Structures are given as structure tokens and as C-alpha cells.
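Residue numbers (the working numbering), protein chains in the order written: chain A, 1 to 356; chain B, 1 to 87; chain C, 1 to 366.
Any given hint could be a false lead.
As the list claims (entries may be wrong) - So the derived list for chain C, only partly shown, Cβ under 8 Å to chain A, looks like this:
1) 1
2) 10
3) 13
4) 43
5) 45
6) 46
7) 49
8) 63
9) 90
10) 91
11) 93
12) 104
13) 107
14) 113
15) 139
16) 337
Simulated from the structure, these hints should not be mistaken for laboratory data.
Please read all numbers here as calculations on a predicted model, not as lab measurements.
From the three backbone atoms N, C-alpha and C, an ideal C-beta is built for every residue, glycine too.
Listed below are the residues making up each chain.
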Amino acid sequence: MATIDLGSWSCPLPLRDHPNIILGHGGGGKLSGELVKHLFLPAFQNDALAGLGDAAVIDLAEQGQAGARLAISTDSFVVKPLFFPGGDIGELAVNGTVNDLSMSGARPLYLTAGFILEEGLPLDVLGRIVESMAAAAREAGVALVAGDTKVVEKGHGDGVYINTSGVGIVPPGVEIGPQRAAPGDVVLVSGTVGDHGMAIMSVREGLAFETDIRSDTAALNGLVAAILEACPKVHTLRDPTRGGVASALNEIAQAAGVGIVLDEQRIPVNPAVRSACEMLGMDPIYVANEGKLLAIVPEEWSEAVLRAMQAHPLGKQAAVIGQVTGEHPGMLVARTGIGGTRVVSMQIGEQLPRIC
Amino acid sequence: MCLGIPGKVVAIYEDNGIPMGKVDFDGILKEVCLAYVPDIQEGEYTIVHVGFAITKLDEKSAQETLALFRELNVLEEELTADEEVAT
Amino acid sequence: MKYLDEFRDPALARKLLDEIQATVTRKWVLMEVCGGQTHSIIRNGIDQLLPEEIEMIHGPGCPVCVTPLEVIDKALAIASMPGIIFCSFGDMLRVPGSEMDLFRVKSQGGDVRIVYSPLDALKIARENPDKEVVFFGIGFETTAPANAMAVYQAKALGIRNFSMLVSHVLVPPAMEAILSSPTNRVQGFLAAGHVCSVMGYWQYVPLAEKYQVPIVITGFEPLDILEGIRRAVRQLEAGRAEVENAYERAVRYQGNPAAQRMVEDVFEVVDRKWRGIGVIPQSGWRLRPKYREFDAELRFSVADIYTQESPVCRSGEVLQGLIKPNECPAFGKECTPQNPLGATMVSSEGACAAYYQYGRFMTLEV
Numbered sequence: 001m002a003t004i005d006l007g008s009w010s011c012p013l014p015l016r017d018h019p020n021i022i023l024g025h026g027g028g029g030k031l032s033g034e035l036v037k038h039l040f041l042p043a044f045q046n047d048a049l050a051g052l053g054d055a056a057v058i059d060l061a062e063q064g065q066a067g068a069r070l071a072i073s074t075d076s077f078v079v080k081p082l083f084f085p086g087g088d089i090g091e092l093a094v095n096g097t098v099n100d101l102s103m104s105g106a107r108p109l110y111l112t113a114g115f116i117l118e119e120g121l122p123l124d125v126l127g128r129i130v131e132s133m134a135a136a137a138r139e140a141g142v143a144l145v146a147g148d149t150k151v152v153e154k155g156h157g158d159g160v161y162i163n164t165s166g167v168g169i170v171p172p173g174v175e176i177g178p179q180r181a182a183p184g185d186v187v188l189v190s191g192t193v194g195d196h197g198m199a200i201m202s203v204r205e206g207l208a209f210e211t212d213i214r215s216d217t218a219a220l221n222g223l224v225a226a227i228l229e230a231c232p233k234v235h236t237l238r239d240p241t242r243g244g245v246a247s248a249l250n251e252i253a254q255a256a257g258v259g260i261v262l263d264e265q266r267i268p269v270n271p272a273v274r275s276a277c278e279m280l281g282m283d284p285i286y287v288a289n290e291g292k293l294l295a296i297v298p299e300e301w302s303e304a305v306l307r308a309m310q311a312h313p314l315g316k317q318a319a320v321i322g323q324v325t326g327e328h329p330g331m332l333v334a335r336t337g338i339g340g341t342r343v344v345s346m347q348i349g350e351q352l353p354r355i356c
Numbered sequence: 001m002c003l004g005i006p007g008k009v010v011a012i013y014e015d016n017g018i019p020m021g022k023v024d025f026d027g028i029l030k031e032v033c034l035a036y037v038p039d040i041q042e043g044e045y046t047i048v049h050v051g052f053a054i055t056k057l058d059e060k061s062a063q064e065t066l067a068l069f070r071e072l073n074v075l076e077e078e079l080t081a082d083e084e085v086a087t
Numbered sequence: 001m002k003y004l005d006e007f008r009d010p011a012l013a014r015k016l017l018d019e020i021q022a023t024v025t026r027k028w029v030l031m032e033v034c035g036g037q038t039h040s041i042i043r044n045g046i047d048q049l050l051p052e053e054i055e056m057i058h059g060p061g062c063p064v065c066v067t068p069l070e071v072i073d074k075a076l077a078i079a080s081m082p083g084i085i086f087c088s089f090g091d092m093l094r095v096p097g098s099e100m101d102l103f104r105v106k107s108q109g110g111d112v113r114i115v116y117s118p119l120d121a122l123k124i125a126r127e128n129p130d131k132e133v134v135f136f137g138i139g140f141e142t143t144a145p146a147n148a149m150a151v152y153q154a155k156a157l158g159i160r161n162f163s164m165l166v167s168h169v170l171v172p173p174a175m176e177a178i179l180s181s182p183t184n185r186v187q188g189f190l191a192a193g194h195v196c197s198v199m200g201y202w203q204y205v206p207l208a209e210k211y212q213v214p215i216v217i218t219g220f221e222p223l224d225i226l227e228g229i230r231r232a233v234r235q236l237e238a239g240r241a242e243v244e245n246a247y248e249r250a251v252r253y254q255g256n257p258a259a260q261r262m263v264e265d266v267f268e269v270v271d272r273k274w275r276g277i278g279v280i281p282q283s284g285w286r287l288r289p290k291y292r293e294f295d296a297e298l299r300f301s302v303a304d305i306y307t308q309e310s311p312v313c314r315s316g317e318v319l320q321g322l323i324k325p326n327e328c329p330a331f332g333k334e335c336t337p338q339n340p341l342g343a344t345m346v347s348s349e350g351a352c353a354a355y356y357q358y359g360r361f362m363t364l365e366v
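Generate the whole structure from the sequences, applying the supplied hints.
And the structure:
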């Protein structure tokens, strides 16, 4: 039996067909990736950016500060509705940047916040959002040290957009990045997948359904500290936000030039999230998370890491879900429930509900 | 086509003269049009496609089908050399 | 979920696979008619678990895929008009017309919305009386009762700002078109379970007889599909050609009479063009004259849009099972899910997209 690899086929002129920005460019899938690769990277090229991690890690030795490494990250938040089951845009904005920093192994320290407000936004709404940001920052142990506010005309924004940027310090000896995943490594996830995306979907016009699914938004720096304490040799950490576990692992497989095999049966999914996905014809591994992480660690450390995750309040349902392999580099493959296999590709744009 | 998912009818009511209901998909409640399953009762299962119950799910026959699968008499010894040649 | 999980049981799947293996003695070509079945086969990796003797051809049963280019162009024209809220099922948004897709219309300011049900579109119409709300009414027989109800209710409740762009297609005429083709390779069918939930399966009896093919009404979960294959192979090996129902929990011989009555009231049968295949006589539905006031094609004067399909794309042959997706010269090159030429690359269920997404481990026949 011979196998052929279609993975090497790609669209020769990926941006050709979209002269305008479409929603998919923000979906965390292939379109987002192309925007970064073909537009932003060539314009801003430098070594720190080229790492393409969740945060840039900068060695301060060049600045005469030997041994110290700074992690820097930025993220913007546009979510409809502003308040959703289990959270709101403020909490999301703090946790999102804290998590991006944490995924480089950094201890997050300081955040800045930029607000773009739509004319007419009720002050009490902004008040609630800011309150919630403050609470999230306290919870994560970071300080919001600078900010900015701009107002756009009514009709030119969805109430509030928030950008947060953050810095943190990477402890000595910690070397974490997507390109470090190596054959033989074990893939772990810190809990159920798809909760955030489905919580948002449940309140979306035209698709709404009743459920107790709540966003999993949470700051993961505490969990990362626990993992690093158990295993300083962690190779890769990633928070699978837009595009879900499938897109995050595809990116890692491509960055490291390795294959990844997922065991579908072992991926924890909240039953209501599973049902919602069935109903809408979606796949939970493509659905966004805001309080989960993927850890890729050498096999001999996987037990210790799993135990450390499960002992932390945000990792109780952590599980081993797959393995890194030297075969089919750049590709993510899933073993299905009935024992077959399938290729899990990168999502193109947004995941859409299906009728068929 | 037709993504159709089984769920349990938990409420039946009328809206603008059309029979509607709530269907429970294991933790998800969705409003569903029941006009095409006129004799369905609360507690019964239906298959829902784009917000419409398209048929009652016959629970007895579901169990029978599964029982049939369990009873399949697999003739292991008939897995012959054909397979080895093919692979 | 109850009645899903049981039909995904790995141990029972193994039993069915063993039984299929034990039954098959020679090569057989089967077609699963429905796109949902294709999705399930590939998503669960069933195609790789089957004995090599069995070849599955992915049929034309994805309404998104077979919607003709010119209807999409009509949809795009309407959605681009001012004052329109254009509502559609999610997977229709990515389908490319000759110039663009609905996402592009949306990015240029069009109000394009994804809905779960046609009744959601009706609700949007009631909430936006100053806008024209158009629903893209595509689908096979399964979806027709839902779309029919939306039109029926719009008329009953006097919701005049609602209309529907109808492109409904019918399964049995497409199966007959495949069977009567001189190049046909299909020896047995897994018929589309949910289509039969609505329409019943009596229509397939003359087809099975006339063309001497087994037709097994089949569901969508892995065990359902394996059982459909098992029964089709059993018939073929025994030289039988009958209609069997392997999806008894959801399908009765007569189908759903209440749904059929509504469809009959709202729609009438017409010749319909299928993307990539061409016109199949008596294979579609359009609104009956008494509901024409809700026909978006007439309301927005787009009836005269006519579009030629791509000459490179061989999706028609893929849809008919004449070639595998990767045998098309455009596959994976100028045609990808990101930049699809033919409809089979568009829907996640389309045979080409399914191959592209999941089929990288396709086995080559030795």
C-alpha cells in the first residue's frame, strides 16, 4: 500500500482572491496565517518577530543585561456580544495577553490597554468592562501600567474594541517555542476544548440556543508556573484560541517540521459543547478556547506534567491527547473513534455551521 | 444532506398557529418546529434538520438494530488469503 | 449523545467490518449518495478500514455543491443590492460565484447573515420591516419542508418583505441520471437516509428493478454506514438488486406525509441545472404560482442572469463518480478549498474538499 502526500500542494497566490479583508482573515486559520506571512512579516522583519510564538522573547544581553530575557506580546479583542456567558471582553483582554506571554514560559508582569470606543457607548457598560479587567489583572497578578482611549463615530465600531500589550520575564533555563516540539514528545491539553467558542455561538443571532456552556476564559500563568516547576524541560506551550486545538497543533507541526498524531477519543470535550457541535455540524477541535493550553513535553516527563496540571484548579481535566512523530512532517493526523485515521487540516477561515 | 441530529422533545406549544417545541440535545435546548411530527409526545425522540423535526425516532427499532449488530456472527476463519494478497 | 454515541461504538464497527470482509469476494463499486455520508466516511476514516475490494464513490448529494453557478451569481447580485438582508445556511457563504462569494459581498458592506433555520430568516424579516429579507432556499428533499414552511408562513402572516431564492434539487432523478449514463460504474447505492425520512423509499423500488442495483437506505453514523455497505455487498454477492432499509429508526416506507403535503402545496417539480452535471429533467422544485410573490428571482429581477461554468474544473465527473477528485488536473493546484473552482471543493462535504482535507493518506491501488 503506497501513500501519497497532498500536503505539499498549496495555493500558489494565496492572497490573490481576496482584495478586501474578509472575516476569515481574523479567524486564526490559513487566511490569518497568510496575512501575517505575506503582509506583516516582510514589512516588519526582525529576529524576534520571526519566531512567531505567542509572545516575542528578546534576549537583553545585547542591551548589556546578560541572562535576562523579556517576553512581549500584543493582542486585540473584538467580540460580539461584549458580555457573554462566562465572561466579557475586559476579562478576555487581560487573560488573552497574560496567556500569550505565559506560552513563552514568561512570568507576565505589566500590561497596557488601548480602548477604541464607539460614540454613544453607555458609561456604565465601559465601567463594568474596566471593573472586570481590574479583577482579572488582580487575579493574574499583573499590573495595568499604561493606557489610551480613542472614540470613533457611532456606527464605526461595536461598542468597545480593546488592545492589550504585555511584558514578562522568561526565567533562566526555560526554552519554550513551537519549533522545539520533537519526535517522541507527548501532547497534553489542560482541559475540555471548545467551551469559549460555543459559549459565543450560543448567543449569536440566528444560531442561538439555550445551554449552560460558559466561556473558559482564565489566566494561565499560574498553571504554566506549576507545569514548569514539575518539568523545566517543556518544549512547547500554546493556548489554542481561534482555530482551536487543530489549528494550534498544525502550526506547531509546521514550525517544528514534525508530524503530530491526535487520539480523538482522549480529547476532553464538555458534553454540551459536543452536542452543540453536532447540532451545528462543527468539530470541537476547531473551536476557540480562552483558558486552555497545549503542552508538548518529552515523553519521560509527561506523567509529571499531567499530575502537575491535574493538581491545579485550571487543569483538573487535563489529558494526554497525542504524540509527536517524525513521520508525515508538518501534518496533523487524528485517530478516529472507530480506529480509522484522518488528516486534520488547518482551517481556512471561520468555521461555519453546516446543513449537510 | 442533511445534517439531522436526534434529540428529545421536552416541551410542545404553538406559535402563530404552528406547532413548535423545545428539543433537548444532551445539554443544548433548541426551539424546533414540530409541524411535521403531529403525533409526537414530550419525552419522545425526533431527528432535527435546520430547526425542523423531520421524523420521529423509533427507539425500539434503534435498539433492535444495535442488538442485531451485537449478534453478528463473525466468521473469523473466513478472513482468507485474499486480504493478505491485497495488502 | 443518545442515539449518536451508540452508533459510533468501535467494537461493533469492528464486527461489521469483519462481516463485510467475510462477505466480499470480488471488487464492487458503491456510491454513497449523500454528502453527509461522505463527510462521515472520511471524518471517521471508514474508507481506510474497508476491504480493498470495495470502492466508494462520493455521490452528488451535497446541495451546496450542486447549486449552479448562475444561481449563486443571482444570490450575489441580490445580496449586493441596497436595503437587503441576505440570509443563508453557513456553508453556502463560501461558495464562489463567477466573480466573488457571499463573504466578499459582506466585506463590501452587504448585510449577509448566517441562520440555522429558514424560520430564523422569517424572524429577521419581521424584526426589520423596512428591509427586504431574502433567504437562500437551497437543499434536497430533507430541507424542502423547512423552506416550504417559511414561505407558507410568510404568506399566512402577510410578511411581505420576505422572499426566497429557491434552488431545490431532488435525489431520485439524479440517481437515475447516474445509472443511465453509458459510463456509469456504480453497482450499488447507499441512499440518503434523511431524504428518505421525508420522502419515503418507495420511489427507489422501480430504480432498483430497472437498473438491477441494490439500493440500501442508510444513516450517517459510522455503524449506519458500515451496515449500509454490509447489506449492499451482501446483495451484490448474492446477485440480488433490492431496496432495503438499513436506517429503520428514522425512515418509513411512505416517509413523512405531513412534510410531503406542505412541500406539495408550496413547490412544483421543474427541470433543474446541477453544477458540473448539467440539466437533469424533473430534478428540482420551484415555488408554485400561488407563492410566486415570494420568489426572490422575480422580485429582484435577476431571472435573466446566465453564467458559464469553469472549463478546467471537472467537478461534474467527480460528482458522477467518473473520476476521483485527485484525477482532476486542477485539484490541489489552481483549485483548493481556499480558492475553489468547482462546487465539490467548496463545501466541507464536497468530494474534492473532503479529499483535500482528510484524504492525504489515500491509498493507491496496487
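Cross-check of the supplied hints:
1. 1: holds, 6 Å
2. 10: With Cβ-Cβ at 5 Å, under 8 Å, it holds.
3. 13: holds, 4 Å
4. 43: Holds: closest Cβ of chain A sits about 6 Å from residue 43 of chain C, inside 8 Å.
5. 45: holds, 2 Å
6. 46: Result: holds, 6 Å to nearest chain A Cβ.
7. 49: holds, 5 Å
8. 63: holds, 6 Å
9. 90: Holds - the Cβ of residue 90 of chain C comes within 8 Å of chain A, reaching about 3 Å at its closest.
10. 91: holds, 5 Å
11. 93: Where the cut-off is 8 Å and the nearest Cβ of chain A is about 6 Å from residue 93 of chain C, the hint holds.
12. 104: holds, 7 Å
13. 107: holds, 4 Å
14. 113: With a closest approach of 6 Å, the residue 113 of chain C hint holds.
15. 139: Since chain A brings a Cβ to about 7 Å from residue 139 of chain C, closer than 8 Å, the hint holds.
16. 337: Residue 337 of chain C check passes; min Cβ-Cβ to chain A is 5 Å, inside 8 Å.
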